[in-house]
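In terms of my numbering, the sequence shown opens at residue 2 and continues consecutively.
These are calculated hints, taken from the structure and not from any lab test.
Computed from a prediction, not measured in an experiment: that's the story for all the values here.
Hints should not be assumed to be uniformly reliable.
Computed spacing ranges between beta-carbons, pair by pair [as the list claims (entries may be wrong)]: (1) P64 x G17: 35 to 41 Å; (2) D7 x L60: 33 to 39 Å; (3) Y4 x S35: 14 to 20 Å.
Cβ coordinates follow ideal geometry from the N, Cα and C atoms, glycine included.
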Amino acid sequence: MAYPEDPAALSDEEWGRYLFFRENPEGSFAERWSHSAGCRRWFNVVRDTRTNRIQAVYLPGEPQPVIG
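Go ahead and model the full structure; you've got the sequences and the hints to work with.
This is the structure we're talking about:
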């Protein structure tokens, strides 16, 4: 989702929609995570949004593993 060109021009409802309303796909979803409480590194995770089960972890720049 692109950042609004002029966020100050948005109504409260539009700004709230930008901040809080996202599509929530069901099933495997690739995300970028940061281990902020530990090593502070970024990594990629494939997570099942129905169960929150982590299906794969891989480093930025590596290809996303095929989940079968």
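Worksheet entry | Beta-carbon spacing of Y4 to S35 - inside the hinted bounds 14 to 20 Å or not | holds (19 Å)
Discussion item. Can you tell me whether the CB distance of P64 to G17 sits inside 35 to 41 Å?
Written reply: holds (36 Å)
Worksheet item: Taking 33 to 39 Å as the hint, is the beta-carbon distance of D7 and L60 inside that range?
Response: holds (36 Å)
Hint compliance for this structure: no hint is broken.
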